[in-house]
Each structure stands twice: as C-alpha cells, then as structure tokens.
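Fit chains B and C to the known structure of chain A by using the hints.
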Amino acid sequence: MKTLIKGGRVVDPSQDLDQISDVLIEDGVVAQIAGSIDAGDATVVDANGLVVCPGLIDMHVHLREPGREDEETIATGARAAIAGGFTSIACMPNTEPVIEGDEGVKFVLAKAQDANLARVYPVAAISKGLKGETLAEIGTAMKAGAVGVSDDGRPVESSALMRRTLEYVKMSGGPVFAHCEDLSLSAGGVMNEGRMSTLLGLKGMPPESESVMVARDIMLTGLTRSRLHVCHVSTGRSFSFIKDGKTSGVDVTCEVTPHHFALTDEAVRTYDTNAKMNPPLRSERDMGAVRQALRSGLVDAIATDHAPHSTEEKDQEFNSAPFGVVGLETALGLACTCLYHEGIVSLSALIRLMSTNPAGILGLTQGTLKQGSPGDVTVFDPDREWTVDPARFQSKSRNSPFSDWKLKGRAVSVIVGGRVLLRDGELS
Amino acid sequence: MKFERKDLLGLEELSRGEIEFILETAGSFVEISERPIKKVPVLRGLTVVNLFSEPSTRTRISFELAEKRLSADTVNITASSSSVVKGETLKDTAKNIEAMNIDMLVVRHNAPGAPHYLADVLHCPVINAGDGPHEHPTQALLDLLTVKQKRGTFEGLNVTIIGDILHSRVARSDIWGFTKLGAAVTVCGPPTLIPPDIESTGVTVSYDLEEVIPRSDILMLLRIQTERLKECFFPSIREYSDFFGLDSAKLERAKPDVLIMHPGPLNRGVEITPEVADGPRSVILDQVRYGLAVRMAVLYLLSGGELKSEDSD
Amino acid sequence: MTKREKAQIMDSDDIARAITRIAHQILERNRGASDLILVGIRTRGAPLAERIAKSMESIEGSEIPVGILDITLYRDDLQLVSKQPVVGKTDIPAGVDGKVVVLIDDVLFTGRTIRAAMDEIMDFGRPKGMQLAVLIDRGHREVPIRADYVGKNVPTSAKEIISVALKEHDGADKVSVEELVQ
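Chains as they are written, first to last, in this note's numbering: chain A, 46 to 473; chain B, 478 to 790; chain C, 606 to 787.
Only chain A is shown next, with the shape it has when bound in the complex:
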C-alpha cells in the first residue's frame, strides 16, 4: 500500500527540513521525500499550500476507559485525536480500575488496536491503585508496552516513595511523569490563589503548591540520576527550577498545556466550570511565564491534559464540579493562534513541541519523517480560520473553555502508518 502526500511544505525539525516536497509512504513507513514523486498507484493526499509534518503526539490525555465510558472511551479519544491532528496519544492511568501492571497496559493496547485510529500508548501507575503507598508492578507494565509511569492527578506525596520510583524505573528506561502538587498547600482549592480567588470567594491553590514539588522532584531526580518529565507546568517559579535542573545536568523535561498559555484565571470570573482544571488557570504573570518558557525553548512539549467530563458533572456549582477540560480538538488551533501567529514560536519549533520532542520523551520512533520511520503524518493549515463548537467534537465530552473561540490553524489530513484517517478535514 502506498500513500503519496503531494505538494506540501514539509517541515521536519528532526532533520532541519523545511521545503516544498512530496512524501511517499510505503508499507506503513516513510519511503521517500523528494521534490516530485510520481504517484503511480498510490493514494494521493493533496497538500498544496499546507504544512506536512511528522504526526503530532499528545503525550498527556485521560481516556476514562475503563470506568467512565460515558465520558470517553479509548476509541472515541483516539478518534478525537485524529480530528485534532494527532497520530499518537499517551494516556494516563487514573481510570477505574487503575491502569497498572501488564493487565492494564494490555487492555489499553487491545482496545486501541480494535479502534485502529490514532496510536495509543499507556502510561502505567506508579503506586498500587494510585494510593501513593506501595509500588505498582512498574517493570511488568513497561515490559508490556507502557511508555512511562505516573500517578497523574494524585502526586506522590511521600518523598521516599518518589525516590524509590525514580530509582526503580531506571531499569525500564521510561520516564516518571510527575504531576507536581503539594496537596497540603493546595487542599480544598478549586482555582488559582490570587486576586481572582479573593474576589470570587473561592478557595485558591497557590502557584507554590506546584513549584515546591517541582523543586523536590528535580532534586530527587538528580539524586537518583533518573529521568523526570514534569507534567502541565503552570508557574514561573516551576520554570526556574526546571531551568536550573537542566543547566545542572538533571535529565528533566517538561510540558505545558494549551489552556495554560491561552487563558488566565480571569476565565473563572463567571464561575464557568469549564475553566476549572488542575493545575488551575494562573495569573497573567504566570501565563506570561509559560509563553516565555515556550519562546526560550525551555519547554519540551505541548500536551493537552485532555480530561473529558460529562455535562452533568460540569453543570453544577463551581466548588462541586470536577477538574479538567478536553483539549485534543483545540490544541493545534490554539498553538497556531496563540504561539505561532503571535510570533512566540516558529513553525518548526511548534512541530518540535508537538511531535519530535514528545516522541523522544516517550521513546517512540515517530516524531520524524526520516526514511524508514513510521508513516505517521499530519497535514495542517496554520492559516485556516474556524470557530470552536464543542457540539461538533468527536470526543464524547464537551467541557471546553474555548467554545466560540475563533482560531487560526487546523488539521486538514492525518495519516497513521500510511492510512489516511482524516482527509480534507473529514474523518474517514
């Protein structure tokens, strides 16, 4: 089977490529990139005037299966990923039951194979049942195909357990994904602590509840000479610690979410529960720090922290509504609108953040269009204007704070292993 992507601007940061070329995928892998390739019997995808890049990878999503299939399943999540321009996603283990050991990992992989859409890579639990008490079978999970371990949503409170985890995971090579939050500092909080929480009378979570844990985890990573990936960084102080860690040779990477570079806690003013997530939307100053860290190259990846919730659950008073927003189908548009068109990152840097780097952190062979690498390609139009309408999401959930936003930038075609799953904006 051959697929030919014709006439696009091929941008591949892994080989410093930025030129008009054709890309030929044969038998699921990239076969050739050249000025003009004869189509022959290949399926042709027209990319004229569009950007062609290694398939986008969202390394942080929540798919709710098993347990809350009413909010999202592995299949609907993988479908939403394709609609948003992602060819691979990594899903977090906080499901019911928790994804741990080989059983959980194999379940996710099997479901993903059935769906046969975007590739789904499970991240397994650090502690049994995410309870933060004893280690889950990390080695078994990694051997079965997990791409990392995390207690995401529930930070590892015990410094001793975090140290053990960082040490133990070295034998499997995967990173520890850290949701950094000092629970005693953030206890009861429902939004960022600051002027806005004061005005609204809502309990705040200080930015420092994140930063102190970032500092701890980086120090423990240095101590154990392990690998740490800091999830959804939202504060300026956290970036200072990450920068310090990187400079001093600690193997630490980090990601930021679109909502943290697109919104501030001002969005909570109307008690909109779709603006409630953890880490919370921060101040103007911290949003500026996120953008600055993107500009300076300190940030390694953009990840959505896609967290589907039913309308019922979100449609209540702010204090009672669950944390989280969906993001798979708005991430590329927001990245183009708020970062690329604002001059904060170049197109090549954007692709590095959304494909090349995530692949590297997860240890995947994607994230590049080098000959022989998986035939995962995203074709997008950075200038296409569209209006966000959650009712039209492929995701099962609608909890987006970006409803009615006018965005500039959208996926046009998505190819996974040579199969065209999104063509001209339409799912096949």
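No wet-lab data here; the hints were simulated from the structure.
Just so you know, not all the hints are guaranteed correct.
As the list claims (entries may be wrong) - The calculated label-pair distances, taken between Cβ atoms and stated as ranges, are: (1) B/G522 with A/S229: 52 to 58 Å; (2) C/K694 with B/G522: 21 to 27 Å; (3) A/D449 with C/E610: 48 to 54 Å.
Said to hold, decoys possible - Calculated pairs, BS3-like style, for lysine-lysine (alpha carbon to alpha carbon, straight line, at most 25 Å): (4) A/K151 with A/K248; (5) A/K248 with B/K568; (6) C/K764 with C/K611; (7) C/K694 with B/K515; (8) B/K516 with C/K694; (9) B/K483 with C/K764; (10) A/K441 with B/K568; (11) C/K733 with B/K515; (12) C/K611 with B/K545; (13) C/K779 with C/K611.
This one's a predicted model, so the numbers in the text were calculated from it and none came from an experiment.
Even for Gly, the Cβ is constructed at its ideal location relative to N, Cα and C.
Just chains B and C now, kept in the frame of chain A:
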C-alpha cells in the same frame, strides 16, 4: 433612575448610582415598619421562595419579615428540609423551583457563584443572601444605609473592617460598597485571615488594630468562627481577643463619634466585649432595623415585570 | 413623540385664587379647622397641601397639620409596568384616628390614585372622615370617586394630557392642556 437588573447578586457589579438608588429607596421603606399596620400591598399575589442551604437565622428572618410586610406569599426551604442535603444537584433544585412558578428567589448557599448559576437558569429575579465567602449584598447595603442615616455622607470616612476577612462575604461586599461610595476602607486582622491581593480592591491592610482605631470613623467587627482555630489560622481565642477584639480599653483611643458595627451574630467576649456591643457608640441594632428596610427595597425594586415596549411612566 | 401645548387653562393668579377658594370651602364645610389634617399626594399634591394649609391658617389663625403620602406601594398597576417606579417617603404627622383627612392632589383623572391613597390612609388608622380636594378635575373616572373641592373642572379627551406646573417643583405656576404629537 430606575433599577434595571433582573437579579441582585453582588455589589461588585453595581455602579455607585445603582447603590445610591437602592439606599434612597430603602430610606423610603424605613417608615413603613413604624406604622400601626406594618404592611403595604405592593407584592400582593407574588410568591417569594427563601432557599437557605446553610443555617442562618437573622438574614432569613429579615428577608421573611420584609416579604411579609410587602404582602408577598413566602415559602422557606431550609437545609434541613430541602433536598439540597440529600444530594440533589443545584440544577434539579432550580428546575423544581422553576416548575413551581414562583416570582422571586432569595438564596443562601455555601458555594460561591451558586446564586449566579440559579440566576442564569431561572427566569425570576434571584437575590443573593450570601454565597460562601463571596458576597452578601443586602448585608453591605444595610451597613451602608446605617452609615448614611447616621452620618449623611461617605466621603472622607475611614471604615475599618476587622477580623476574618478571608472567609467573609460581608467583608467583600462591604469593601465594594464603601469604596464605591467614596469611603476609605482598611481591613485589619491576623495575616493568615487576610486574603491574597486584597489591596487590589483599593483597601489598605493592617495587622495592628490599635494603630488603626484612632483614625477610624467606622469599626466593623466580623464574627470569628471557632473552627478557624482548628485550621491553625490563629493559636487561641485568648490571643485573638487580645490583638483583634474590641474592648473599652482599645476604644478609648477612638474618635468620640466612632460607630461600632457588627453583622451578627455576636461572639461576646471574643471579637467584641459586651460593654462595647451594648455601648452608646454601637449601632448594631440599627443595622438590624435598616436591614429590613433594605430588603424591602430590594424586593420591591426587583419585583418589576419583564421589560415591555409599551411601558408607560 | 413629543408633547405640544394646546392651551393654557390657568396661570399663577388663577391657581392662587383657586387655592384660596378651596381653603374657604374646606373651613366652611368642616366648621373650622379643628380635627383637620391635610394630606398631599406625591408629587404635586404635597406643595398644594402646603399652600392650602397656609391659606387656611391665615383665615383661621391656627396651625393646620400637613402630611405627605406616597401611594406607589398601593398602586394597582405595579405588575403591569416593567420597572418599579421610584418610592418617595410618606410622612403623616400625627395619628389619623378620629380626624378628618383631606386628601389633596393636582389632577383627578381615573380615580385610581385616590383609591390607593384611601387604602394607605386606612393603614394609618381610622379617620372620622375623608374628603378630597383637587386643583383640576378632568373627568374619565374608572372608579366611583368624586372630589369634594375642585379648583377647576376641565373637560378633556382621554388622549390629552393635563400638565400642572408648580413653583416648588417646576419653577412656575401654570396649568395647560397638552397633546402628544408624532
């Protein structure tokens, strides 16, 4: 001037003109409670529901009395009797209220923003009777009316609010009200109970009550909840009273015409000593009296029908 | 739409004469001023009550109690208007029990205002009697109410507007008939 809002949710969104108009209207309602027959027919035939999902005696009674003096039919739904505690969602509560075809809703809820949620989904006017630590607009309006009746003006007045500012909806509404009307507001309490960035609302922060007393025209004391002790906001009631409780000794340094206010209920001997609470400078009972007039005024102003084009007058 | 004046029907002297006449009539009918309370209905009934009281005082030599009544809360059309009208202060000086209350208003039209005023007075006590004095009676009653003292009867069409201007409120004394023009 006319009051154009459907709901009264907080003082933050009100303009100075709107606040002054409510106070002026409330001034006209003071006299009604002094008549032999303390009742006017203005809300005859209208049903007002008081939904209190949090214990409250004086605010609920004040609203209920105001409603009855305006001839409205009233229904009280309190936490113990309503399904709010049985796990019914706010949305279902709202739908049930709507189905009863009531004319106005007064709501007290422990979640900030709950009245805003109800105001959004309900067609009838919604009055916020306190939403968590967010706002308590009628309390602030009655505080303002009390000061207006006693002092005539707000310009140049120094208002000091003392105590647990962090958890106080009264403090937030009072800050908006007094600053909008031209008074200078100082908040005073232990640093643990001062909310972050409160200065951005235009207030001054002090941790030293003795230092602010001499320049204060109004001393507004807030009730201190003993639960805060367990959460380590301060070490003991004794230490709190020593630093932030108002007693005769501290009051000696106050201006002779200072007004002592308290939204109630009082913790006698904690934030205020009995001789100060019952002393000549205390206007605490005037606050209760004016509370009734303010709530009558708000109920009256919000009871207008839907906007019609052929509207005369 | 704007208002256009069709005719002036009373000037300042006419109004003064009418007030003097009403003052005499009230005193004559009640055989003096004892037990009388004049209650002006907001807004323009209030200054009229003050003027009539002053006139009565100059004739009789004794002080006449004057009150102000705001009937907004007793109106029967509040559910019909979109936003609530401004409520003024009501101030009834002494008890009304056993007194004769003379209600005073500028224009008697449908009679509904007077109905509301009577209801409100009843909530203040049980007067011995109630009487009504108006500067203008323009007809078109919707309830069975009539004035005891009238400054001037002015037959009007329902579309016309009677505009009463008084020094205390409007800077000058004048009564005119107006109509709405497109």
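Checked hints:
1. Hint check: B/G522 to A/S229, Cβ distance near 55 Å, so the stated range 52 to 58 Å holds.
2. Distance hint check for C/K694 and B/G522: the Cβ-Cβ separation is about 25 Å, which falls inside the suggested range of 21 to 27 Å.
3. The hinted window of 48 to 54 Å between A/D449 and C/E610 holds, with their beta carbons roughly 53 Å apart.
4. Taking the CA atoms of A/K151 and A/K248, the gap is near 40 Å; set against the 25 Å cutoff, the hint is violated.
5. With a CA separation close to 22 Å, the supplied pair A/K248 and B/K568 stays within the 25 Å bound.
6. Between C/K764 and C/K611 the CA atoms are separated by roughly 12 Å; this keeps the pair inside 25 Å, and the hint holds.
7. A C-alpha spacing of about 15 Å is found between C/K694 and B/K515, which places the hinted pair at or below 25 Å, so the restraint holds.
8. Annotation: proposed proximity of B/K516 to C/K694 holds, straight-line Cα distance about 15 Å (limit 25 Å).
9. Among the hinted pairs, B/K483 with C/K764 is inconsistent with the structure: their alpha-carbon atoms are about 33 Å apart, more than 25 Å.
10. Our distance criterion of 25 Å between C-alpha atoms is met by A/K441 and B/K568, whose separation comes to about 21 Å.
11. At roughly 21 Å between alpha-carbon atoms, C/K733 and B/K515 fall within 25 Å of each other, so this suggested pair holds.
12. Of the pairs offered as hints, the one joining C/K611 and B/K545 is violated, with about 47 Å between alpha carbons and a cut-off of 25 Å exceeded.
13. With a C-alpha separation of about 13 Å, the suggested pairing of C/K779 with C/K611 holds against the 25 Å cut-off.
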